[in-house]
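In order, the protein sequences belong to chains P and S. The numbering used here puts the first residue of the first sequence at 1, with every later residue one more than the last. The numbering used here puts the first residue of the second sequence at 1, with every later residue one more than the last.
Just so you know, these hints were derived from the structure itself, not from any lab. All values reported here derive from a predicted model rather than from experimental measurement. Note that CB positions come from ideal geometry on N, CA and C, so glycine has one too. Do not rely on the hints blindly, as some may be mistaken.
[To be verified] Covered stretches of chain P (chain S as the covering partner; in silico rule of three or more C-beta atoms under 8 Å from a C-beta of chain S):
#1 114–121
#2 296–309
[As the list claims (entries may be wrong)] Far from chain S, by Cβ distances over 10 Å, these chain P residues were calculated:
#3 GLY69
#4 GLU232
#5 LYS414
#6 GLY454
#7 VAL464
#8 GLN466
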Amino acid sequence: MDLLLQSCDLITAFLLIYGLKRMSSPVTASSGIVLAGIGMMVVTLASFLYVFGVSGEARTHLPVNLLLGGLALILGVGWSWWRGHRVPLTAMPQMVALYNGMGGAAAGAISAMELLAHPDASNVRLAITIAGGFIGSFSFSGSLIAWAKLEGKLPKPWRPRFLQLGNGLVLLLAVASATALPALLPNENLLALFFLCSFAFGALITLPIGGADMPVVISLCNACTGIAVGFEGYVLHHPALMIAGTVVGAAGSLLTLLMARAMNRSLGNILFSNFGETGQEEAQVTGQLKPISAEDAAATLCYARKMIFVPGYGLAAAHAQRKLYELAKRLQEEGADVKFAIHPVAGRMPGHMDVLLAEAGVPYEMIVGLDEINGEFPTTDVALVVGANDIVNPAARTDKGSPIYGMPILDVDKAHQVYVIKRGQGKGYAGIENALFTADNCRMVYGDAQEVLGQMLLSIKELVGQR
Amino acid sequence: MDGQTTLTGFLAIYLFLLAAFTGYEVISRVPAILHTPLMSGSNFIHGIVVVGALYALLHATTMVEQVIGFLGVLFGAANAAGGYVVTVRMLRMFHSGKPSKTAPELRR
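Okay, chain P solo, but in the shape it has when bound (with noise of 0.2 Å):
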């Protein structure tokens, strides 16, 4: 029997990493994630081989244990196969949030059973229990709150005064809990105070964080998760928990990396600087916004030869890629040269941009990075920003004091005319002015971008009728 198992689980390990390793090119990634999705199938199906090793006091309790675990596996399986299925592609980011925010709550899970079932354990043993856990929880709350920001529940980033000294000393609380637990074990009480610090300090972290950070914080919770759930893979015994959960963390921590350095902040930076703190130093953008209609802008348009289109977040929110998708085709008929413009953290993600636009069908060929197209934009006609404000903000090569200072952005401001398409007035989730949105050759089309879209698109059709 024990010779099944650990054939289940190498073979898990195996498919797990090569799905992995299938999922990191476009043209293999779909079967890499059915292979990670077998070996998942394997090791869910063989661990109720584990029923054969229970032995002892826990033998007794084992048939309402199996019930338990049979409804808890249905119930969690169908819910999120649900709610999967049916949440807009726009949500996906939060989506991965949540189901991250569980696996980290899992995870805490088995450590605090480990914790109540085995505390005599050894010392190096119940550390690592420990940390998992603690991991375990931060991942947990920190994925809620990302989740709770992007399904814009929490509209406001919270800053309260004496936050970073609040942080300190539910930190220190969490840590002297810590400390003190394997020694008091099993005083659930002290369990209890551990977990809720963790689970608070998570929270705590991440509520000042504003939405344009969110993607590195989901990523960050995500490689935590993995990290916690290496270390209870080990607590366990468990080789596939381990690897997966390492490889997890591994992946993850880097990715994580990667998405700092595009927006060209250390991380420690967007965990712990408060956007807006730095905003007393900012320079202040003078002028005057200047509104105009979507038939006039969509006139230019019409006559310009070269555009490049600049999506944002505002495309996700208003639905909006299939018209600007029919946009673009629509001036390619009348004979313009139309690309797509996709800065690595537009959106709520990297590469939130190029799903969106993959789903309305947009071909590679006509999405352009950050590095390529940046050269493009002074012999550009017009160039048309949807939904995006930071990623397009000059004061990131221009402004020492502003908060964006030095990270790489698309140089918009230098094409002859540019469209900005915004729902109102407001500033960009990182809280600060955009002196594009003042420029000479910047004018405003407020509006939702779908319906914004819409009406250009009726424009040029009445245009083009009209030669």
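Starting from the known structure of chain P, fit chain S onto it as the hints suggest.
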């Protein structure tokens, strides 16, 4: 784990080390276009935590452990299944875009 693979001391550290390098290598040469699906995919992979939660639940002896174990399995299962569905849905969209073989080079 009774009679299962025993991982002690240095052997465990070797395993951590090699697994960490594997994860690093797998991600390090990935085009930006796949970052989101890959994050989602790795999110699915740590859903394997459900197995650990199941193991702990099956060995539970008290009411408190059973409740925590139930929640653990519930959340772990949601992580695994949800991560899978979301990743598959994301990757399916790349198909409709007819990925060309030169795509990763173009994007980098």
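Status of each hint after checking the structure:
Under a criterion of three residues with beta carbons nearer than 8 Å to beta carbons of chain S, the stated coverage of the region 114–121 of chain P is upheld, 3 such residues being counted. Residues of the region 296–309 of chain P lying with their CB closer than 8 Å to a CB of chain S number 0, which falls below the three-residue condition for coverage. With a least beta-carbon separation of about 5 Å from chain S, P/GLY69 fails to lie farther than 10 Å from that chain, contradicting its non-interface assignment. The beta carbon of P/GLU232 is not kept farther than 10 Å from every beta carbon of chain S, the shortest such distance being approximately 5 Å.
With a closest Cβ-Cβ approach of about 22 Å to chain S, P/LYS414 is found to remain outside the 10 Å limit, as its non-interface label requires. At roughly 22 Å, the least C-beta separation between P/GLY454 and chain S is larger than 10 Å, which holds for a residue marked as non-interface. Residue-level check passed: P/VAL464 sits 28 Å from the nearest beta carbon of chain S, beyond 10 Å. P/GLN466, annotated as away from the interface, keeps every beta carbon of chain S farther than 10 Å; the closest lies near 35 Å.
In this structure, the hints that do not hold are numbers 2, 3 and 4, in rising order.
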